Structures are given as structure tokens and as C-alpha cells.
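Let's have the full structure, built from the sequences with the hints guiding it.
All you need for the numbering used here is the position in the sequence shown, starting with 1, plus 504.
It should be emphasised that the hints constitute simulated quantities derived from the structure, not laboratory data.
The structure displayed is predicted, hence computed values, not measured ones.
There could be a bad hint or two in this list.
[Unchecked claim] Here are the simulated distance ranges between beta carbons:
| # | residue 1 | residue 2 | range |
| --- | --- | --- | --- |
| 1 | ASP613 | ARG574 | 40 to 46 angstroms |
| 2 | GLY623 | ALA532 | 47 to 53 angstroms |
| 3 | VAL586 | ILE533 | 17 to 23 angstroms |
| 4 | ARG541 | SER568 | 29 to 35 angstroms |
| 5 | ASN569 | ALA529 | 25 to 31 angstroms |
| 6 | VAL520 | GLN593 | 15 to 21 angstroms |
| 7 | LEU581 | ALA625 | 36 to 42 angstroms |
| 8 | SER589 | LEU553 | 17 to 23 angstroms |
[Unchecked claim] Within a straight-line C-alpha distance of at most 25 angstroms, the following computed DMTMM-like cross-link-like pairs (lysine to aspartate or glutamate) qualify:
| # | residue 1 | residue 2 |
| --- | --- | --- |
| 9 | LYS596 | GLU607 |
| 10 | LYS536 | ASP521 |
| 11 | LYS513 | GLU621 |
| 12 | LYS513 | ASP601 |
| 13 | LYS536 | GLU525 |
| 14 | LYS513 | GLU607 |
| 15 | LYS536 | GLU598 |
| 16 | LYS536 | ASP613 |
| 17 | LYS562 | ASP542 |
Cβ coordinates follow ideal geometry from the N, Cα and C atoms, glycine included.
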Amino acid sequence: MTDTKVDSKAQFLSAVDRVAEIATARQAIHEKLQELRDQLHVMQSRHILDVGTARDPKGKAVYSNEELRRAALTFRLSEDSVYQSVLAQARKLEREDEELVVEHNRVVDQKALMMIELGLAPRGGEDIPQV
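If you want it as C-alpha cells, here you go:
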């Protein structure tokens, strides 16, 4: 076997490994994102309860309509530093996941080209799966 073929096969196997590494990294991100979303949901629920049950000294609802309650909730969440920190972490992980999707698709495309080069291309015009 020529050195070029050996190098191509090594690159192909490396691409296969990289696809698996990306899948593992994305799974870890998705698990952490779910934890963060659960935390956000609990924090939102606490604020919703606080806003929805807020009463003035006379016992009247402080926020008398849905629009006021929504505005109060938005304001409280924007002022909640813990909520904002968790939200920032979630957004950062979402961006990392998006970057991994792009990398995954790039590696899959490279792998498809290597398969053609090695004579291993799918038959019948089958598509190479993308994320």
C-alpha cells in the first residue's frame, strides 16, 4: 500500500474518531444545559409566585393585570444576579454546541471526501448524515 493511501486511511480513522468525540462533547453539553434550564425554571417559578401573590397593605393585588405581572417578572429576573449568571452559562453552552455542530458537519464532509478518495463512497447516491 502506498504512503498516500496509508495517510488517507489514518486521516479517515482520525475523522471517525473526531465525529465520536464531538458527539460525546455535545452529549455532555446537552446534559449540563438541561441542568441549567431546570435551575432557570425553578427560579422563574419562584418569581412568578412572588409576583402573582404580591399584595399591598390593604390585601389588594399589587399587579392587577397580566401585563403588569409580566413586566414585574421581567424586571425581577433582570435584577436577579444568580438567574442572570445561570442564563449566561446556558447561553455560553448553547454557543459551544452550535460551534460543535459546525465542526461536526465539516468533519463529516471531509470524511465523505476521504471515502471517495479511498474508494469507499456510499453507493446509490446515499447522503452523508449531517447534524
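Verification of the hints:
At roughly 45 angstroms, the beta carbons of ASP613 and ARG574 sit within the given window of 40 to 46 angstroms. Separation of GLY623 from ALA532 is about 35 angstroms and departs from the stated range, judged on CB atoms against 47 to 53 angstroms. In this structure the hint that VAL586 and ILE533 lie 17 to 23 angstroms apart at CB holds, the actual value being about 21 angstroms. As the Cβ distance of ARG541 to SER568 is approximately 31 angstroms, the hint placing it in 29 to 35 angstroms holds.
For ASN569 and ALA529, the Cβ-Cβ distance of about 46 angstroms falls outside the hinted range of 25 to 31 angstroms, so the restraint is violated. Remark: the range hint 15 to 21 angstroms for VAL520 to GLN593 is contradicted by a beta-carbon distance near 31 angstroms. The hinted range of 36 to 42 angstroms is not satisfied by LEU581 and ALA625, whose Cβ atoms lie roughly 52 angstroms apart. At roughly 21 angstroms, the beta-carbon separation of SER589 and LEU553 lies within the given 17 to 23 angstroms, and the hint holds.
Only pairs whose Cα atoms come within 25 angstroms are accepted, and LYS596 paired with GLU607 is accepted, the gap being roughly 17 angstroms. Under the criterion of a C-alpha separation no larger than 25 angstroms, the hint pairing LYS536 with ASP521 is consistent with the structure, at around 23 angstroms. Using a Cα cut-off of 25 angstroms, the hinted pair LYS513 and GLU621 holds, with the two alpha carbons roughly 10 angstroms apart. As the CA atoms of LYS513 and ASP601 are separated by approximately 28 angstroms, the hinted pair breaks the 25 angstroms bound.
Among the hinted pairs, LYS536 with GLU525 is consistent with the structure: their alpha-carbon atoms are about 17 angstroms apart, no more than 25 angstroms. Using a Cα cut-off of 25 angstroms, the hinted pair LYS513 and GLU607 holds, with the two alpha carbons roughly 20 angstroms apart. Pair hint LYS536 plus GLU598 holds up; C-alpha atoms about 10 angstroms apart against a cutoff of 25 angstroms. Taking the CA atoms of LYS536 and ASP613, the gap is about 28 angstroms. The hint is violated against a cut of 25 angstroms.
For the suggested pair LYS562 and ASP542, the alpha carbons sit about 36 angstroms apart, so the restraint of at most 25 angstroms is broken.
Checked against the numbered hints given earlier, the structure breaks hints 2, 5, 6, 7, 12, 16 and 17 and satisfies all the rest.
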